[in-house]
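J.: Okay, here's what each chain looks like letter by letter:
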Amino acid sequence: MVIKMEENFKVIENYLMVKMPEEVDHHKSVYISKMADDYIMKEGVGNVVFDFEDTRFMDSSGIGIIIGRYKKISYFGGKVFAINTDTRIKRTLMICGLHKVIEIME
Amino acid sequence: METKNNTILRNEMEITFDAISVNEAFARVAVAAFVTPLNPTMEEVSDIKTAVSEAVTNAIIHGYDSEFDRENHREEKNQVYLHCIIEDDVLEVEVRDKGKGIENIEQAMEPLFTTKPELDRSGMGFAFMEAFMDDLEVNSGPGYGTSVVMKKKLGTTSWILQEE
Numbered sequence: 001m002v003i004k005m006e007e008n009f010k011v012i013e014n015y016l017m018v019k020m021p022e023e024v025d026h027h028k029s030v031y032i033s034k035m036a037d038d039y040i041m042k043e044g045v046g047n048v049v050f051d052f053e054d055t056r057f058m059d060s061s062g063i064g065i066i067i068g069r070y071k072k073i074s075y076f077g078g079k080v081f082a083i084n085t086d087t088r089i090k091r092t093l094m095i096c097g098l099h100k101v102i103e104i105m106e
Numbered sequence: 001m002e003t004k005n006n007t008i009l010r011n012e013m014e015i016t017f018d019a020i021s022v023n024e025a026f027a028r029v030a031v032a033a034f035v036t037p038l039n040p041t042m043e044e045v046s047d048i049k050t051a052v053s054e055a056v057t058n059a060i061i062h063g064y065d066s067e068f069d070r071e072n073h074r075e076e077k078n079q080v081y082l083h084c085i086i087e088d089d090v091l092e093v094e095v096r097d098k099g100k101g102i103e104n105i106e107q108a109m110e111p112l113f114t115t116k117p118e119l120d121r122s123g124m125g126f127a128f129m130e131a132f133m134d135d136l137e138v139n140s141g142p143g144y145g146t147s148v149v150m151k152k153k154l155g156t157t158s159w160i161l162q163e164e
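Chains as they are written, first to last, in full-length UniProt numbering: chain A, 1 to 106; chain B, 1 to 164.
Isolated chain A (complex conformation) (with noise of 0.2 Å):
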């Protein structure tokens, strides 16, 4: 099966949005944070945008693509947001107390 994973990466403006897969872990994670640094590099984007849109299972390795983006942007006054968030994808987010330093809408 091949996925066309580029499709999941936009440059809006100076905004990078990331359509999150359906399970996000440590298999999947690799590829999104080496995609979305390779964007923020080459297109300069000041803010990434995480869709969940789709996503039904997240662990702590989604965190880690979120903390490591907010990372390399934030240093240059970038924001991060995660978008269309549910309940579950809301909590795993704040038990880490990732809504003080990112933007979370449902």
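The set of hints was computed from the structure by calculation and includes no laboratory data.
It is possible that some hints are incorrect.
Derived pair list, reagent style DSBU-like, types lysine-lysine, alpha-carbon separation capped at 30 Å [to be verified]:
no., chain 1, residue 1, chain 2, residue 2
1, A, Lys34, B, Lys77
2, B, Lys116, A, Lys90
3, A, Lys34, B, Lys116
4, A, Lys19, B, Lys116
5, B, Lys116, A, Lys71
6, B, Lys116, A, Lys72
7, A, Lys71, A, Lys10
8, A, Lys42, B, Lys116
Let chain A serve as the given structure and place chain B on it in line with the hints.
T.: Chain B only, in chain A's frame:
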């Protein structure tokens, strides 16, 4: 499977699989399927899947890391052992590896502590296992591998949700 009045008293299963990241999803789905006869809530299934995913990921990326592979030239393949027992309404999951083991368990279990920040690890693995399961026990020593035993009583989440 022993049953009495359609309720499961005791059920047990064991799986061994290669320590490769694609098996993280396989392990958590296998445990989720194993508990279905107990009619767990969606919330409980999510909790169990997250905890299993954390433990298996730890075994794969920390237990059998590249340093371990360099120093150990053994015949045996790097594998993860998953052992589940259902007793009444309690699920016990053991995730075990024969990897490098943990030197300082207390430090490893601290939230946000990680030995692999360069791999974008959040250091929240054990914290998640503790948050999503009722009981967590870690046995490990350098050179002996690691065993993580987690327990969860099913059928208790509804009131916790209401509280939130």
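J.: Work down the list of hints and note, for each, if the structure agrees.
T.: How the hints compare with the structure:
1. A:Lys34 to B:Lys77: holds, 28 Å
2. B:Lys116 to A:Lys90: Holds, because 25 Å separates the two Cα atoms, which is no more than 30 Å.
3. A:Lys34 to B:Lys116: holds, 16 Å
4. A:Lys19 to B:Lys116: It holds: about 25 Å lies between the C-alpha atoms, which stays within 30 Å.
5. B:Lys116 to A:Lys71: Holds: lysine 116 (chain B) and lysine 71 (chain A) sit about 15 Å apart, inside 30 Å.
6. B:Lys116 to A:Lys72: holds, 17 Å
7. A:Lys71 to A:Lys10: holds, 20 Å
8. A:Lys42 to B:Lys116: Distance of about 26 Å is within 30 Å: holds.
Checked against the numbered hints above, the structure violates none of them.
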